[in-house]
Amino acid sequence: MTARASSRYDAVVVGGGHNGLVAAAYLARAGRRTLVLERRPMVGGAAVTEEIIPGFKFSVFSYVVSLLRPEIIRDLDLPRHGLHILPLESTVTPLDNGDYLASWADPDATRRELERHSPRDAEAAVQFGRLMHHMAMAVRPILGMVPPDPASLAPSDLAGLLRLGRHTRSLGAAHVHALYKLMTMSSADYLDEWYEFDPLKATKAASGIIGTFMGPRSPGTAYVLLHHYMGEIDGAFRAWGFQKGGTGAISDAIASSARAFGAEIRADAGVERVLVRDGRATGVVLLNGDEISASIVVSGLDPRRTFLDLVDRVHLPPDVIQGVERYKFRGSSGKVNLALSGLPDFTCMPGVGPQHRGAFSISPSLDYIERAYDDAKYGDFSRNPYMDIVIPSMIDPGMAPPGQHVMSIFVQYAPYHLNGGWTDARREAFGDAVIRTLARYAPNIESLILGRQVLTPADIERITGLSEGNIFAGELALHQLFFLRPVARWANYRTPIQDYWQCGAGTHPGGGIMGASGRLAALEILRSGAR
Amino acid sequence: MLAGAPAAAAAPWLFPARPRSFGAPMLKSTPFHPRTAPLVRAQTWRRWAGYQVASAYEPLPDHEYAAIRNAAALIDVSPLHKYIISGPHAARLLDRMVTRDVAACAVGQVLYTPWCDAHGKVIDDGTISRLSDSTFRLTSAEPNLRWLAMNAVGLDVSVEDVSERLAALALQGPLSRAILQRLAAADLATLRYFRLVHTTVDNIPLAISRTGYTGDLGYELWVDAAQAVALWDALIAAGTPYGITPAGIWALDVARIEAGLIMLDVDYVSAHRAVIDDQLSSPLELNLGWAVSKRKGPYNGRSALRAEEAADPGWAFVGLEVQWESLERLYAERGLSPHLPTVAWRTSAPVYRGGVQVGYATSGCWSPLLKKYLALAHVRAPHCEVGAELTLDVMVEHRRKRAAAVVRKLPFFDPERKRS
Numbered sequence: 001m002t003a004r005a006s007s008r009y010d011a012v013v014v015g016g017g018h019n020g021l022v023a024a025a026y027l028a029r030a031g032r033r034t035l036v037l038e039r040r041p042m043v044g045g046a047a048v049t050e051e052i053i054p055g056f057k058f059s060v061f062s063y064v065v066s067l068l069r070p071e072i073i074r075d076l077d078l079p080r081h082g083l084h085i086l087p088l089e090s091t092v093t094p095l096d097n098g099d100y101l102a103s104w105a106d107p108d109a110t111r112r113e114l115e116r117h118s119p120r121d122a123e124a125a126v127q128f129g130r131l132m133h134h135m136a137m138a139v140r141p142i143l144g145m146v147p148p149d150p151a152s153l154a155p156s157d158l159a160g161l162l163r164l165g166r167h168t169r170s171l172g173a174a175h176v177h178a179l180y181k182l183m184t185m186s187s188a189d190y191l192d193e194w195y196e197f198d199p200l201k202a203t204k205a206a207s208g209i210i211g212t213f214m215g216p217r218s219p220g221t222a223y224v225l226l227h228h229y230m231g232e233i234d235g236a237f238r239a240w241g242f243q244k245g246g247t248g249a250i251s252d253a254i255a256s257s258a259r260a261f262g263a264e265i266r267a268d269a270g271v272e273r274v275l276v277r278d279g280r281a282t283g284v285v286l287l288n289g290d291e292i293s294a295s296i297v298v299s300g301l302d303p304r305r306t307f308l309d310l311v312d313r314v315h316l317p318p319d320v321i322q323g324v325e326r327y328k329f330r331g332s333s334g335k336v337n338l339a340l341s342g343l344p345d346f347t348c349m350p351g352v353g354p355q356h357r358g359a360f361s362i363s364p365s366l367d368y369i370e371r372a373y374d375d376a377k378y379g380d381f382s383r384n385p386y387m388d389i390v391i392p393s394m395i396d397p398g399m400a401p402p403g404q405h406v407m408s409i410f411v412q413y414a415p416y417h418l419n420g421g422w423t424d425a426r427r428e429a430f431g432d433a434v435i436r437t438l439a440r441y442a443p444n445i446e447s448l449i450l451g452r453q454v455l456t457p458a459d460i461e462r463i464t465g466l467s468e469g470n471i472f473a474g475e476l477a478l479h480q481l482f483f484l485r486p487v488a489r490w491a492n493y494r495t496p497i498q499d500y501w502q503c504g505a506g507t508h509p510g511g512g513i514m515g516a517s518g519r520l521a522a523l524e525i526l527r528s529g530a531r
Numbered sequence: 001m002l003a004g005a006p007a008a009a010a011a012p013w014l015f016p017a018r019p020r021s022f023g024a025p026m027l028k029s030t031p032f033h034p035r036t037a038p039l040v041r042a043q044t045w046r047r048w049a050g051y052q053v054a055s056a057y058e059p060l061p062d063h064e065y066a067a068i069r070n071a072a073a074l075i076d077v078s079p080l081h082k083y084i085i086s087g088p089h090a091a092r093l094l095d096r097m098v099t100r101d102v103a104a105c106a107v108g109q110v111l112y113t114p115w116c117d118a119h120g121k122v123i124d125d126g127t128i129s130r131l132s133d134s135t136f137r138l139t140s141a142e143p144n145l146r147w148l149a150m151n152a153v154g155l156d157v158s159v160e161d162v163s164e165r166l167a168a169l170a171l172q173g174p175l176s177r178a179i180l181q182r183l184a185a186a187d188l189a190t191l192r193y194f195r196l197v198h199t200t201v202d203n204i205p206l207a208i209s210r211t212g213y214t215g216d217l218g219y220e221l222w223v224d225a226a227q228a229v230a231l232w233d234a235l236i237a238a239g240t241p242y243g244i245t246p247a248g249i250w251a252l253d254v255a256r257i258e259a260g261l262i263m264l265d266v267d268y269v270s271a272h273r274a275v276i277d278d279q280l281s282s283p284l285e286l287n288l289g290w291a292v293s294k295r296k297g298p299y300n301g302r303s304a305l306r307a308e309e310a311a312d313p314g315w316a317f318v319g320l321e322v323q324w325e326s327l328e329r330l331y332a333e334r335g336l337s338p339h340l341p342t343v344a345w346r347t348s349a350p351v352y353r354g355g356v357q358v359g360y361a362t363s364g365c366w367s368p369l370l371k372k373y374l375a376l377a378h379v380r381a382p383h384c385e386v387g388a389e390l391t392l393d394v395m396v397e398h399r400r401k402r403a404a405a406v407v408r409k410l411p412f413f414d415p416e417r418k419r420s
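Taken in order, these protein sequences are the chains called P and C. Under our numbering, the residues of the first sequence are numbered 1 to 531, in order. Under our numbering, the residues of the second sequence are numbered 1 to 420, in order.
Among the hints, a few may not be true.
[Stated by the list, open to error] Here's a subset of chain C near chain P, in silico, CB distances under 10 Å, partners left out:
{"id": "1", "residue": "26"}
{"id": "2", "residue": "27"}
{"id": "3", "residue": "28"}
{"id": "4", "residue": "29"}
{"id": "5", "residue": "49"}
{"id": "6", "residue": "50"}
{"id": "7", "residue": "51"}
{"id": "8", "residue": "142"}
{"id": "9", "residue": "146"}
{"id": "10", "residue": "147"}
{"id": "11", "residue": "149"}
{"id": "12", "residue": "161"}
{"id": "13", "residue": "266"}
{"id": "14", "residue": "272"}
{"id": "15", "residue": "274"}
{"id": "16", "residue": "275"}
Keep in mind the hints are simulated off the structure, nothing from the lab. Cβ coordinates follow ideal geometry from the N, Cα and C atoms, glycine included.
Produce the complete structure using the sequences and hints provided.
Below you can see the structure in the form of structure tokens.
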């Protein structure tokens with residue numbers, strides 16, 4: 001054995017995604033000798049910036065920062081390490097009649113724009129916003145707690161349940177009732193209770209279906225609307241927007257902070273398996289055969305990889321194996337990244353203007369999105385997909401050569417389980433459908449394309465390792481949240497194997513560049529005294 | 001995965017000579033903008049309900065304020081929201097919504113009224129003009145179309161938002177009647193306080209109401225937006241010999257504090273926007289108990305207001321007069337003479353009694369007319385009696401101090417001519 005192979009760490013983190021990096025930073029901050037192992041040449045997982053086309057930098061997968069926890073920004077001193085979030089101010093929804101629906105940073109301008117379509121909705125928005133603010137305030141503490149198991153009598157679980165009960169009581173009856181509706185209804189039904197202008201409902205509902213294999217009329221999607229408003233609560237902190245240099249720069253900032261606390265980060269170092277001896281994790285074996293021993297092993301990978309790929313199943317109880325096998329990934333979205341010679345000209349809002357500094361949402365009606373889902377439900381990609389489009393080079397000029405641009409198109413639906421499977425030809429057909437749909441609203445787009453990168457869920461899985469290409473490391477559906485994420489009894493970042501922990505987005509609360517899973521896991525490790 | 005080809009030369013829209021700003025969020029301008037804009041000498045604009053309006057036309061508002069109290073001021077109040085409510089059940093709709101008795105409002109009469117949610121907390125306040133037996137005009141600070149529609153369920157009534165097509169101009173001040181009478185066809189001597197007449201001014205058809213937001217003699221003119229500029233020109237021409245002066249919001253703000261008139265979002269938070277219960281106010285807590293009908297039938301918030309009347313409200317809305325000697329002493333300690341705000345302030349300042357916080361002031365100003373430093377404040381009910389000696393948090397040369405302040409009866413300024 002080489003000296004390096006026999007080196008011993010307090011903690012080895014498998015996977016240098018942003019949650020793994022956050023966990024490593026917190027462990028190193030507490031004085032643990034920590035090593036992060038990343039399979040790819042760069043850290044970040046799904047939050048990476050890559051120059052796929054020379055001169056053009058793409059936030060290849062995840063493209064905006066929404067819910068990065070303010071406490072992480074403070075604890076890890078991220079602004080000093082390069083966190084620099086630029087405002088993403090507007091959303092424009094082109095309508096099928098040639099008009100548009102816009103929302104701007106300025107409340108007066110947004111209200112006036114809404115009044116143009118429905119004065120009642122403009123008024124309803126004020127009270128809807130207030131209610132959602134309350135709902136988000138109600139849910140926010142849950143994001144910051146280790147899920148207690150409601151079926152357990154362990155003191156820590158009971159204490160957590162008590163806290164939760166007290167918190168629920170403090171909400172007041174009206175808010176508990178509203179929260180119950182939000183947790184059970186479809187986003188379409190929920191929005192119907194408030195609004196009349198269909199494109200407004202469609203654009204809001206779209207945020208409820210991202211990353212799930214559900215449509216706006218599927219029950220349970222209303223809850224995901226909240227995520228948007230949770231970002232707004234921390235609005236004063238301005239943690240929502242576009243990271244300078246792309247989302248990879250956030251990963252780099254967290255990595256830099258982790259290193260400053262003493263963590264070691266190794267790229268091009270894929271882990272083949274976790275060593276288990278007498279029901280305890282003792283280290284890892286790298287793909288190159290090197291062995292690294294550690295007091296604890298923390299997996300930042302998704303639950304399927306954490307439980308079924310990295311360890312021999314013989315170490316796990318059958319019910320846990322079954323639970324993980326039942327955990328739903330069902331990647332439903334794809335991504336198209338474009339290098340452009342200039343800016344797209346949208347028919348609904350011709351010319352160049354402030355609209356290019358914000359998002360374009362292709363969500364002209366609820367029916368449009370539901371039909372897009374219908375295609376996917378039966379195994380096809382949407383012929384007319386929902387798309388969330390941003391032009392990062394308009395916000396950070398460093399992303400593309402002067403005068404030229406990069407465009408990020410988030411596309412839904414593209415089912416992982418495509419009829420006949422994904423092939424190169426199917427991928428390009430999917431890319432063509434996206435460009436064709438976009439060209440209906442911005443006809444000059446095709447003439448601007450210098451290069452394109454099309455990513456299907458199969459590509460996302462192949463490159464990042466996220467099972468079935470699910471961008472949230474498992475669907476953010478109610479049956480997979482809180483004390484059921486990823487499986488019952490093991491939502492507390494532990495596993496049935498002693499000293500083997502989980503910290504990825506497949507644990508509570510998961511989803512987006514939040515870092516909350518990594519932080520909560522690290523705090524729980526430190527609290528447990530595991531060394 | 002490269003596809004397509006550079007197309008820079010072929011696409012003129014890539015490098016437009018001048019970027020077109022299409023759909024850019026801009027503030028709206030009022031129908032009087034062509035006349036008011038050239039007068040705003042120091043670019044002192046502000047926003048009001050999504051419109052840009054003048055804070056002041058001159059660099060300082062002193063002359064504009066003086067016109068309100070001494071001659072006549074012309075104030076663009078077009079950003080008010082305005083609704084026409086008509087139909088057989090128009091009065092029933094408004095009676096269901098507001099706290100005053102609309103059924104008892106005569107044709108040609110104007111009512112000032114707040115309106116509440118089901119818990120008796122104020123949503124907004126404004127005026128109701130009875131234009132005919134079955135037609136009313138409602139003004140409000142915030143949009144209320146949805147609220148009207150929710151209250152109109154089951155009623156035979158139509159609601160039309162006329163905010164954009166109806167311009168509104170306030171002519172306020174002791175000489176306002178003399179100026180307006182030179183142009184108006186109707187006899188203004190017979191137009192009483194809070195009454196309204198449909199007539200012409202310089203042959204422009206409009207409605208004149210004997211109302212205002214200054215606590216002075218004054219009128220508000222309601223005219224089709226297309227005629228707004230012509231009306232402005234006629235008033236300026238006829239009023240110049242009388243010293244008519246366009247006045248901005250800064251001048252209006254001082255006048256309305258002297259008159260003890262509340263402002264939404266400054267002195268209270270709408271029940272539709274309040275995030276916590278502490279931000280809510282009932283009409284009784286806003287010194288508007290007089291505007292809560294004791295006789296009329298069910299309306300939004302009635303049972304809550306009845307219960308509150310029986311139990312006495314927890315808060316009162318009062319006038320405060322900051323004691324000059326106290327202020328002078330605080331400044332003298334720092335070797336300075338008292339420094340006074342040049343315009344009204346709209347921040348919140350804690351109010352104490354004997355070292356314990358008993359409330360907060362929401363707006364205040366130096367009254368050039370009364371030569372007093374005035375504030376409007378919410379105080380806990382036990383401390384609201386006229387003459388109560390409180391203290392107000394003031395900043396004196398980077399240090400927080402407490403100046404003596406005495407509770408005064410509102411309005412601070414209440415001239416005979418206001419009601420004449």
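Checklist entry - Looking back at the hints listed earlier, which ones does the structure fail to meet? => result Hints 4 and 13 contradicted; others consistent.
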